[in-house]
Each structure stands twice: as structure tokens, then as C-alpha cells.
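Chemist: Both chains come to you apart, so use the hints to assemble them.
As you go down the protein sequences, you meet chains W and V in turn.
Start counting the first sequence at 0; every next residue gets the next number (numbering that gives the first Met the number 0).
Start counting the second sequence at 0; every next residue gets the next number (numbering that gives the first Met the number 0).
Pairs of lysine to any residue, SDA-like flavour, derived with a Cα cap of 25 angstroms:
id, chain 1, residue 1, chain 2, residue 2
1, W, Lys-396, V, Gly-28
2, W, Lys-396, V, Leu-91
3, V, Lys-204, V, Lys-224
4, W, Lys-396, V, Arg-110
5, V, Lys-231, W, Arg-407
6, W, Lys-396, V, Leu-109
7, V, Lys-37, W, Asn-401
8, V, Lys-13, V, Thr-236
9, W, Lys-396, V, Leu-94
10, V, Lys-231, W, Ile-403
11, V, Lys-37, W, Ile-403
12, W, Lys-396, V, Ala-88
13, W, Lys-396, V, Ser-125
14, V, Lys-13, V, Asp-36
15, W, Lys-396, V, Asn-93
16, V, Lys-75, W, Asn-401
17, V, Lys-75, W, Ile-403
18, W, Lys-46, W, Ile-377
19, W, Lys-396, V, Asp-89
20, V, Lys-204, V, Ser-125
21, W, Lys-396, V, Tyr-25
22, W, Lys-396, W, Tyr-408
23, W, Lys-396, V, Ser-87
24, W, Lys-396, V, Met-27
25, W, Lys-396, V, Thr-70
26, W, Lys-396, V, Asp-69
Worth flagging that the hints you see were computed from the coordinates, not collected in a lab.
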Amino acid sequence: MTLLNCLRTAIIAIRLNAMRSILTTLGIIIGVASVIVMTAIGSGARKEIEDQISALGTNMLTLSPGSSRFRGRRSEAGTAKPLSEADMQAIQTQVPGVTLASGELRTTAPVVYGNQNWTTSVTGVHAEFPEVQDWDVADGRFFTPSEVRSGIKFAVLGNSVVKRLFGAVSAVGEQVRIRGVPFEVIGVMETRGQSGGWRDRDDIAFVPISTARSRLVSESGTTPNPVGSILVKVADSEQLAEAEQQISELLRARRRIGPGREDDFSVRNIAEIVKARRAAQQTLAWLLAATAAISLIVGGIGIMNIMLVSVTERTREIGLRMAVGARRRDILTQFLTESVVLCLIGGAIGLGVGIALTFVVAKLADWSVLISSETIAIAIGASASVGLIFGFLPARKAARLNPIDALRYE
Amino acid sequence: MSAVAEHPTLPPAKPLISCVDLTKTYVMGEQSLNALDKVNLDIAQGEFVAIMGPSGSGKSTLLNLIGALDTPTSGKLLIDGVNIAEMSADELANLRNREIGFVFQQFNLLRRTTALENVKLPLTYSAKQDIDANSASRARLEEIGLGERLGHTPSQLSGGQQQRVAIARALVTDPRIILADEPTGALDTETSYEIMDLFTALNNKGLTIILVTHEQEIAEYAHRKLSFRDGKLVKDTRKTEAHVR
Numbered sequence: 000m001t002l003l004n005c006l007r008t009a010i011i012a013i014r015l016n017a018m019r020s021i022l023t024t025l026g027i028i029i030g031v032a033s034v035i036v037m038t039a040i041g042s043g044a045r046k047e048i049e050d051q052i053s054a055l056g057t058n059m060l061t062l063s064p065g066s067s068r069f070r071g072r073r074s075e076a077g078t079a080k081p082l083s084e085a086d087m088q089a090i091q092t093q094v095p096g097v098t099l100a101s102g103e104l105r106t107t108a109p110v111v112y113g114n115q116n117w118t119t120s121v122t123g124v125h126a127e128f129p130e131v132q133d134w135d136v137a138d139g140r141f142f143t144p145s146e147v148r149s150g151i152k153f154a155v156l157g158n159s160v161v162k163r164l165f166g167a168v169s170a171v172g173e174q175v176r177i178r179g180v181p182f183e184v185i186g187v188m189e190t191r192g193q194s195g196g197w198r199d200r201d202d203i204a205f206v207p208i209s210t211a212r213s214r215l216v217s218e219s220g221t222t223p224n225p226v227g228s229i230l231v232k233v234a235d236s237e238q239l240a241e242a243e244q245q246i247s248e249l250l251r252a253r254r255r256i257g258p259g260r261e262d263d264f265s266v267r268n269i270a271e272i273v274k275a276r277r278a279a280q281q282t283l284a285w286l287l288a289a290t291a292a293i294s295l296i297v298g299g300i301g302i303m304n305i306m307l308v309s310v311t312e313r314t315r316e317i318g319l320r321m322a323v324g325a326r327r328r329d330i331l332t333q334f335l336t337e338s339v340v341l342c343l344i345g346g347a348i349g350l351g352v353g354i355a356l357t358f359v360v361a362k363l364a365d366w367s368v369l370i371s372s373e374t375i376a377i378a379i380g381a382s383a384s385v386g387l388i389f390g391f392l393p394a395r396k397a398a399r400l401n402p403i404d405a406l407r408y409e
Numbered sequence: 000m001s002a003v004a005e006h007p008t009l010p011p012a013k014p015l016i017s018c019v020d021l022t023k024t025y026v027m028g029e030q031s032l033n034a035l036d037k038v039n040l041d042i043a044q045g046e047f048v049a050i051m052g053p054s055g056s057g058k059s060t061l062l063n064l065i066g067a068l069d070t071p072t073s074g075k076l077l078i079d080g081v082n083i084a085e086m087s088a089d090e091l092a093n094l095r096n097r098e099i100g101f102v103f104q105q106f107n108l109l110r111r112t113t114a115l116e117n118v119k120l121p122l123t124y125s126a127k128q129d130i131d132a133n134s135a136s137r138a139r140l141e142e143i144g145l146g147e148r149l150g151h152t153p154s155q156l157s158g159g160q161q162q163r164v165a166i167a168r169a170l171v172t173d174p175r176i177i178l179a180d181e182p183t184g185a186l187d188t189e190t191s192y193e194i195m196d197l198f199t200a201l202n203n204k205g206l207t208i209i210l211v212t213h214e215q216e217i218a219e220y221a222h223r224k225l226s227f228r229d230g231k232l233v234k235d236t237r238k239t240e241a242h243v244r
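Excised from the complex, chain V in its bound form (with noise of 0.2 angstroms):
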């Protein structure tokens, strides 16, 4: 990949994602709640990036406006360059399916559908048609070691399967961002740490990795590590090289 794959500390001259006075209010009858407060934060391609705070931080919010599942009340969110508040519902799972792999803390699998059947379910909606999607996502599949496993159910695997089936799925349309909720939130100390490492293996390749947690050990894995708190981003602390696992 580019240059920044190999350095993913350095950042680059144009960031990917880019919010300018990013703002979110949820009203609640008479009540409005800023859960993002004029948020300003510049996150380049190839960074590995753990959010933190305690619940209704805004972090959350965060990851589901970086997601495009959600669109800003004020404020600027660049993906790319393209500010998505000017989007329509249709460019905006447009943007979710090409640019955006996202994997959840449930794994969110379709029960009582092969692990195959689960990861070629983004290339069903994607605009190119060309692609073969059974040997696009079995290649997935083996890539994260589960070659074996095509045909299996979400209830013959476990945990940490599941969530290799899931990651597998937010890769198949070669996405440039991925966003991980709380992805060990549901798994065992090793099956985390063994997921953590599939991210980082990710993040060498040169994939963009933005990851929600509230436990210490694994926002240790990312390079860069936001915190959060009231809507407000308090903290913004990078790893020196040295520091890099």
C-alpha cells in the first residue's frame, strides 16, 4: 500500500476524516442534550485509533457520525473530503458500503445463515456487480483463518469466531475505515487479545481502525487514543514509535 501504511504514526497531508465544530443535539422534549460539543479532530488514513470515556461521553456518537449512520445537527464531517451532512439517505449507505466496515460488540450475524452467506451480505448492495462474491468473501474467510468454517451458523461457532465472521464481513468490500463498537466487549481476555492482533495486522496493511472501548488494556493497542467526556474531546495522546507494540 502507501507510504503510510509503513509509518502509521506520521500523519499525512490531507486527513481521511476530518470534523470541523462537529456538533450533535439530541432533543428530549423541553431538554436538548449536546452530545457532541463543537468537536474539532483530524483522524488520517492508516491511524489506529482507540475513543474512550465513560457512557454519554459521545464517543458513540462519534463512531456512528464517522459511520454515516447518522448525520451531524451543526458542523462540519469530511470523510474524504465530502462533508456528509450535505449527503442524501441513498449516498450516505453508498458511502457505508464502499468506504466503512463496521463490527459490533454482538457480532450482529444473521442466525441460521452460513458464516459465507454472512460476509457476502454487503457485496448484495454494493454497486459493483462484477466482482464474484463467493470467492470474494471465502478469500475473507481464509484470510482470517476461517477457511474451514464457510459453512457453519453463527451457533456452531464461537465467540471469537463469530467475530472473525463479522470482521471478515467489514472487510469484503475493501473498505478504507474500519469501526469497531466495543469488539471484546463480549469475548474472553485471550479471544480479545486475539482479535486485537487480527486489527493490528489490519492497521499494517494500511487500513484505517477506529475502535470504541472502555478497557484500558485494549485501547493500549491503538496508536492514538482520544478521550472523551461531556461531548467534548479532553484528550488527544499519540504513541511515540518506541511505544508501538
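Isolated chain W, as found in the complex (with noise of 0.2 angstroms):
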């Protein structure tokens, strides 16, 4: 018996009692609709972190300060005493492993090119920024350290506030005014795209931290040459929890943190804050993984139950077929496909209940998820393997009838 034919009979079989077999599927369709929304959360969930990691570079660890304490009253983060350029030189020259550093100052401000005005992330850094963040310059230059000892009056754009206030015209060259101080426009940065958390990375404006800290940012403190945060960069990701431990005892003595008191500063390592917001979404997988397996055999059972009533039902249509000449193998096939075939369509509409369902969660947990080729082909083939697995018993059974038995059957 040929494919197409076997294919033919399982669909009309299967449309003869259009309503029990629909019912049957319900456990195949909750589980694939499942498989999908578990590999879209989970997939989407990879990619986030390999798009912020490969955003922030991948041996690149954080240091900001951490909230102060007064009389044991804990203040909000970073109200402890800043990091300065001290500090960063001392990381820099005293911890091994360390390559690169960079300063981070950041305020919003608007900035004003002719009667265009926007208002962005202004962030003075110094001229390793680059470096330290794997982001290059896409038109013109980035800062020298000269310049940036110097408090030179020049920005380099993101993409996003270049499209806002240049729209097609070249930014390198032109002067904008950041809070009405005016800058001169020497470069502008590589599209880097939204993160995770649909933040737009290219809506910010970089000036050198000196000129920052002299005119963007009012200086308060008694630090001198603050800055807001550190980046730091280790030349090899093996030696990253050294460097970070390394990199505590330093700041612990320079800022004179006594043996069993916290730390009033972090150092965070990028990797880390994104597995951790990982695990929420890892665990969640696990439970949908947990109902797609139950749903699975379940609704397996469900097709194995339903094709032995069907294989009963159909004992002197069995018998029949035999006496026209189907071989065992004929009859085993025509089962084995009707289950298949009734698990696929069991399959497809979970296919389209899942994908729905993902958009739905996706809303919900503004979480990023991402539906793939690859789950398609997941949820097919697993409905399918449970059609092969649960319509082999009743198959074999339908199969290993006397055809005698089967035509006298009432």
C-alpha cells in the first residue's frame, strides 16, 4: 500500500468521527502548545543574554558605589562616596589581569542641533570606552586621552540621537549644544540595537568625563575627580573572579573598610546579573517542560485508548482488507499512519495555540521570546513520536488479527 494511500484512509477514518478524534488530541494540543512556549521563553531567554553580554562586553565587570550607612541607617545605592580616577589608576596598575578601565559619568541632558532638541543619556567617559565595551566608532573618531585629560569640548552620538536631530544629514563636524554649552559633534558610535529589556542603547551622547565633570555635572562631593562608575576590563574571563576579588580587597583598604563590615560598593560581574534574571525564566521552563512531558503521555495515552476502540470498531473492516490481500505490514502502516496523522493535527493546532499563548506571556512578563524553525520542528516531531509510540500496540494488535475471526466479528 502506498503512503498517499494510507494517508487517504487515515483522513477519512479519522473525519468519520470528526469530534472524538478532535477531543482525543486535546492532551497532544495542550502538550506541544506547551513544548513551544517553553522553547520560546527559553530561547528568548538565551538570546537576551548573549545580546547583553556581547552588548557589555563579555570580561567586563562593574564597580559602582554602594549606599551609605548612617547610624545604621542604610541609604538608598550609590549615595556612598564615589569612586574617583584614583581609584580607577590603582585598579589599574595593582590588580593583574586587569587590561582596561574606564570611567562612567552619566546625566540626562538635552541636546540642541539648530531648532532640533532631544533629550538623551549624556555620559562622559574616558578614551578606553571603546575598548572596555567591544563599540566601536561607526563615522568619524572616538576621544584621545589627551583630549580627555583636556576637557576639550567635543561629543561623539549614538545612533538614535543622531537620526533625531541630524535625520540624514552627517553629524561629524557639526556643533550641538548640551545644556547649552556647545560641543563639537567628532564621531559617531556603531548601532548597538534594543537590550533585553527593550532599552534603546543608542539614545546616548558621549562627551570626555573631564569636560563632564566641569560643565554637565555639578560636583558636590569631596572627591576628587569623581567618577560614577568604573568599567573594568579583564584580559582573559578565567581570571575575571580573581580580578573581582582582587579588586574588593583593593577598594576595601583604600576606602578603609574595617575586617566584618559590608562593602559600601559593588562589583558586578555582567554574566552574573543576567543569569540570575535567567533562573526566574529557567524555572518557569522547567514547569512548562513538566507539563509538556505529562500533557505528552497523557494525550499519548489518550491516542492509544481511542485507536483501540477505533482498531475494535473496525475488526471486519480489518478482516475484510486482509481477505483483499493487505499483508500484516499493510494494516500495521494504515494504524501506525491514522495515529500519526491524528497526533499531527493534534499538533499543529497546539502549534498555533502556543504561539498565540507566547505573545500572550510575552506581553504580560515583557519578557523577550523567540519562536524558532527549530521548536516548529520540536512540536512536530513530538507529536508525531507520540503518535509512532502509542498507535504501535493498537496497530500490532489490528495487525495480528485472524482475518477468519476479523470477518465473522459482530
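Modeler: What follows is the structure in C-alpha cells.
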């Protein structure tokens, strides 16, 4: 019997009991939908992490001041003594493995070009920033170390800012005003796109950190040459943990934190932050995996049950098919095809439900999801496998019928 | 066809079906029952045979064995010189497909399936894939006068029409033997005669027809009557040329 004939016979048989067939596939529908949602969340989370790691640099540590304590009362983060350029230099010279570092001093300010006005994150950085972040200039150039020291009024813009202010005009060489201070645009950064949380990372303007300090950020503290946070690049990812440890010790010494007292700063490993976020998503993914597995098994048993009913109902038909020349394997193939087709129909419906649910989850939980062709292949593969595994027993029962008994069956 | 077709009562040199000490024993717990007990019998190509006997006489068992639906306990059953006892399940299936057409009392058509699809069924299991299943099935239905009802399902057809579809299905692979188990058992008298006339016409074209019946009138259509009792062949009568209808 040809495959085409098998398929036709299967579809006819399923259509004869359309209602029963659809109800039977409910387990498969739920199972496959869970598989889709699970893998969509899983691969979405993985992609988000990969994006963030590549965006923030793999071997990067972020140092920022923590909360200060005053008479046992903890204030909000960033209220402790700020980090300074001296801290940054000490880390660069004293911690082995640290190749590069850049300060980061952020403020939010309007940038004006002609009659266009756009408020963005204006960030003072060192000349090493592009290398620390693995983020190159697309057009023009970045600041040199001597320019950063001199406090020159140069700016390098992110792509989104350029689009807002200049449209199609080239920004390099033009004058912009940031908080009323004129700056010359010397470069435009490469496009980085959106981060996992839909934050536009190209909506940013860079200026030399010294210029930011003197012109844009009002200095109130007593620390000379403060930096908001320090980005440190470690040569090798294997040295990351050790560097983290040594930086902590160095900063504790410099900030005179006695033993037994808490750090008033934090050293964060980008990968770890992202991993922590992922854990929650992973938990849900496992939960869905369990649901999927249970639903597919329960669905499979449902399929087996209905196929056994079908074989019994159609005993005389099986006898007749044998009488007109069907071999045992023809009967086996026929019933296996039927259960696989039944499961694939359930799988297709489950795929639709799963994709719809995925978008609902993405909207409600604000997670990034990803439906890949792989996901769809898994869904189809899972339902076809359930059909094969749970359809085998009924199909074998049909194939093993004695033709005479089957023909006489009432 | 061959010369046999024009003289159906003449025994040819080599039989198409040959039973030698054919025995079928059913074991039920401690007891064993000889459904067929050392039957010796030859049926030639082109014969029209009626098998008669009370229930339990072994007539259905014989039909099942000739139909290659079952294998004998002992003895030989040769179809075209080949012993079916030595055939594998797949070989038996192929034999049923190629050489034998079955007609049943309850028609055994696939429900909610058109007449054309029902007739096509044996061809889907046929090894010869080169023939056009659709046109072959259509031709068979036209031959037996159902050319107008190709798309009808069994529930839209009368009993006689259903049995005609079943006969077309039996004929579609061009078998040499038609086996009919009480083919008129579910039909009224007039329709029964129509079906028997159809069998007679097929026999005249050279087909070997073997039918099981318990109705004397139906058996009269055949040229040879085999009577069974307790698994044994007790009477084998042939009509002379003059008696043939």
C-alpha cells in the first residue's frame, strides 16, 4: 500500500469520527502548546543573555558605589562615597589581569542642534571606553587620552540621537549644544540595537569625562575627580573571579573598611547579573517542560485508547482488507499512519495555540521570546513521536488479527 | 478464454484446486474437533461449484482454506499446483489479492466510502502498481450495471446493488477464483436470482466460482454440488449437459 493511500485512508477514518478525534487530541494540543511556550521562553532568554553579554562585553566588571550607612540607617544605592579616578588608576596598576578601564559619569541633558532638541543620557567617559565595551565608532573618531585630560568640548553621539537631531545629514563636524554648552561632534557610534529590556542603547551621547565633570555634572562631594562608575576589562574570562576578588580587597583598603564590615561599593559581573535574571525564566521553563511531558504522555494514552476503540470497531474492515490482500504490515502501517496523522493534527492546533500563548506571555511578563524553526520542528517531531509510540500497540493488535475471526466479528 | 470456458462441465487435465487428505482440526481446551476430515477433492478451472451441508459440516472451513484465509492442520491444499500450507503469511496475502475474489453474505463494504473507492480497495494492496486503479474499477462497475452509481456510498444503495459492488470488488484484480459465502443470504428472492444470473455470466466467461449455500434453489445454478457432513465430503454430483441452465 502506498503512503498516499495510507494517508487518504487515515484522513477518511479520522473524519468519520471528527468530534471524537479532536477531543482525543486535546492532550497533544496542550502538550505541544507547552513545548512551544517553553522553548520560546527558553531561547528568548538565552538570546537576551547573549545579546547583553555581547553588548556589555564578556570580560567586564562594573564597579559602583553602594549605599552609605549612617548610624545604622541604610540609604539608597549610590549614596556612598563616590569612586574616583585615583581608584581607577590603582586598579589598573595593581590588579593583575586588568587590561583597560574607563570611568562613566552619567547625567541626563537636552542636546540641541539647530531647532531640534532631544533629551538623552549624556555620559562622560575615558578614551578607553570603546575598547572596554567592544563598541566601535562608525563615523569620525572617538576621543584621544589627551583630549580627555584637557576637558575639550567634543561629543560622540549614539545613532538614535543622530537620527533624531540630524536626520539624513552627516553629524560629524557639526556643533550641538548640551545644557547650553557648545560641543563639536567628532564621531558617531555603531548601532547596538535594543537590549533585552527594550532599552534603546543607541540613545546616548558621549563626552570626555573631564568635560562632563566641569561643564555638565554639578560637583558637590569632596572626592577629587569623581567617576560615577568604573568599567573594568579583564584580559581573560578565567581571571574574572580572581580580579573581582582583588578589586574588592583593594577598594576596601582604599576606602578604609574594617574587617567584618560590609562593602559600601559593588563589583558586578555582567554575566552573573544576567544569569540571575535568567533563573526565574528557567524555573518557568522547567515547569512548562513538566507540563508538556505529562500532557504528551496523557495525550498519548488518550490516542492509544481511541485507537484501540477504533481497531475493535473496525475489526470486520480489517478482516475484509486482509481478505482482499492486505498483508500484516499494510494493516500495521495503516493504523500507525492514522495515529500519527491524528497526533499531527493535534500538534498543528497546539502549535497555533502555543504561538498565541507565547505572545501573551511576552506581553504580560515583558520577556523576550523567540519562536524559531527549531521550535516548530520540535513540536512536529514530538507529536509525530507520540503518534508512533502510542499508536504502535493498537496497530500491532490490528495487524495480528486472524482474518477469519475478524471477518466473522459482530 | 480457453476451451474450458465453452465446456464448463468437462474436467481438464490439471485441476486448479486440489485437496489431498485435507484436514483442519480445531482444539478447544481438552477437546479437538475435526472441522474437515481427510477431504479429497479436485476443482477444475471454469467449474461452478456449490458447497452444501448443515452448519458445522465443514463447508465454511473448506471455503476459508481455499480462500487462503487459513492453513490446513494436515494434508495438502494445492492452488494451481502450489501447496498453501507451505506459504508465508505475506505469500498468502498476495495469493488472495491476485487469484481469489471474495463475496460475503453481509457484503462487507466500507461504510461512507463510495462504490468506486470500495472496488478500488484490492488494487491498493496489489503488487502491480502500473494499472490505472480508477479506470479499472470504473470499468468493473460499468460491466455489472452500476456505471451510474460510482459516487454512491453503501447506505445509498439497495442490497442487490451493494452485492454487485462487492462482486465488482472481487473481480477488480482479475482473479481466477470467486469464493462466495452465502452471497444471497441477505437478499430477497428476486434479487438473489439476479445475483445468481450474474455469477452464471461470469462463469460463462471462464471464472471458477465456488459458493457456499444452504438453499437448494441457489445450488441449482451450479454445475456441481458438494455435500458435506461432519467434516466429510459425502456426495459429489455433477449435472449432465442437458441439466445446465
